Amino acid sequence: MNNAIEIKNVSKKFGDMKAVNDLSLNIPKNEVFAVLGPNGAGKTTMINMLATLSTPSSGIIKIFGHDVVKEPEKIRELIGLTGQYASVDEALSAKQNLVIFSELLGLSIKEAKIRANELLKEFHLEDVADKVISNFSGGMRRRLDLAVSLIARPELIFLDEPTTGLDPRTRNQMWSTIRDLVKNGSTILLTTQYLEEADQLADRIAIMDKGKIAVEGTPENLKKEHNSKSLDEIFLKITGDGSTGEKNDDELNITKEA
Amino acid sequence: MMKTPEEFMDTLIFPIVFLLMFTYIFGGAISGSISNYLPIIIPGILTFCVLNTAGTAGNSLREDIETGIFNRFKSMPISRIAPLSGKLTSDSIRFVISIMITYILAVIMGFWPSNGISGILLCLFFLVFCGWCISWVFTFIGVIMRTSGSVQGISGIIIMPLMFVSNAFVPVDTMPEPLQIIANINPVTHIVKATNDLLMGSNILSHEVLISLIIAIVLVLIFAPLTLKIHLKKT
Ligand SMILES: Nc1ncnc2c1ncn2[C@@H]1O[C@H](COP(=O)(O)OP(=O)(O)O)[C@@H](O)[C@H]1O
Ligand SMILES: [Mg+2]
Chain A
1 MNNAIEIKNV
11 SKKFGDMKAV
21 NDLSLNIPKN
31 EVFAVLGPNG
41 AGKTTMINML
51 ATLSTPSSGI
61 IKIFGHDVVK
71 EPEKIRELIG
81 LTGQYASVDE
91 ALSAKQNLVI
101 FSELLGLSIK
111 EAKIRANELL
121 KEFHLEDVAD
131 KVISNFSGGM
141 RRRLDLAVSL
151 IARPELIFLD
161 EPTTGLDPRT
171 RNQMWSTIRD
181 LVKNGSTILL
191 TTQYLEEADQ
201 LADRIAIMDK
211 GKIAVEGTPE
221 NLKKEHNSKS
231 LDEIFLKITG
241 DGSTGEKNDD
251 ELNITKEA
Chain B
1 MMKTPEEFMD
11 TLIFPIVFLL
21 MFTYIFGGAI
31 SGSISNYLPI
41 IIPGILTFCV
51 LNTAGTAGNS
61 LREDIETGIF
71 NRFKSMPISR
81 IAPLSGKLTS
91 DSIRFVISIM
101 ITYILAVIMG
111 FWPSNGISGI
121 LLCLFFLVFC
131 GWCISWVFTF
141 IGVIMRTSGS
151 VQGISGIIIM
161 PLMFVSNAFV
171 PVDTMPEPLQ
181 IIANINPVTH
191 IVKATNDLLM
201 GSNILSHEVL
211 ISLIIAIVLV
221 LIFAPLTLKI
231 HLKKT
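Quick mapping for you: the protein sequence lines, in order, are chains A and B. At position 201 of the first sequence the residue is numbered 201 (my numbering), and the sequence of numbers has no breaks. At position 59 of the second sequence the residue is numbered 59 (my numbering), and the sequence of numbers has no breaks.
For the record, the hints were derived by calculation from the structure and aren't laboratory data. Keep in mind the model is a prediction, meaning the values are calculated, not measured. Careful, some of the hints might be misleading.
Here are some of the chain B residues that sit facing chain A, going by a computed Cβ distance under 8 Å [claimed, not checked]: (1) Gly68; (2) Lys74; (3) Met76.
Ideal Cβ positions, reconstructed from N, Cα and C, are used throughout, including at glycine.
My request is simple: use the sequences and hints to build the entire structure.
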């Protein structure tokens, strides 16, 4: 079994609306897999089901062979989640956050401090280790967020829009951090609204729209199959011309202002 | 934890304002003099502080949920109730602060409980425990409401009538008959009486203390599982 994740006919309904609609997808081990889709495509809804935050309305999800609904505790030991929204304690410093989450995960105070220092170093946060998070820039916050989800050295890492809202320089830093992670042999599932991000980082890409996966494959294969020079063209073809393109532009503009 | 200066001010200022206000505005009218009124009002103000602080628990939980930190907790291999109860327990320091402020101010104003330091300490433990238990009610409101604003509103609507239709600020026998009946079954009345017994009663561990502890424990047994269930179901 070479798949880290197997998703079979999964749907998630909110009232009458299907945020994820009969989705099937296999994600291989030790690769970076990008799910690319516009705002509202259902990316976060899908990640939440994979990370055992919510249960599918129908369908089956297996992670390393374990059913997410039947064995959520097992899954939680194998995954690390960096959600779309910051999930660290704003009132604490970077180091305090890492230590507290380490302790929550069962490390002794001594081990927790060692692990916190390792991660601060790895993520270039040593200089700001004792600064309170509410004074952090968006980029530092995202890095800390990612560091916290790696405390337990998970085999599978979910990154939900890791660079949305970051300026281009910080985005590049984040990308190199993610590349380093892959070198260590982790499996990464990331979602993004940015084509460039998917193209830069991912071994395989799935384009998601309206709760479904439209196409899936390596960037090269996708380009070949669709006779397109760029993923851009494929993305626009699938998500419907103007509207999504505009949405992405808006996002980029907001990013620049922030 | 003290998230913001505003929250800290709330914890700090609330007991001071209410103790001064009640004592100087109602003291003379109700008990003839301020020194006579202090023993009546102190248990009431202490209970009020605890309820108010418990009331902020829901709001502060709602704000935390809005940040996404609870999503991380849910994705971690830890018990699902731990983050919730951990938060309430770390918030307990706020009960201690508001209770201690009230004690100190009361002593400055000329109040000394006949049971002395041991009464004060027992009462502190009692109130912090009750406060922790009552927090679960507001934590429940915190997870069912959608915004922290509405949580605050509802908490206020629950706390105010509970406080005023009780023996917290005026003796119950000055109320009209129907209100007396309500006041006498109001849990706040029991907690106020228990506080009074702990500080100044001849029998420190009175049955009022027992009744209050039972009420507090029942609240946890009802609201902790309910809160957890709804918290896990959302998203
Ligand atoms: N808890 C929820 N209740 C109702 N609708 C939701 C909920 N979460 C997401 N949705 C809806 O599901 C759709 C997909 O949302 P989401 O998964 O957040 O998309 P993405 O992460 O791709 O931007 C959106 O239309 C969104 O409004
Ligand atoms: Mg999303």
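Evaluated hints:
no.	hint	verdict
1	Gly68	4 Å, holds
2	Lys74	5 Å, holds
3	Met76	6 Å, holds
Violated hints: none; the structure is consistent with every hint.
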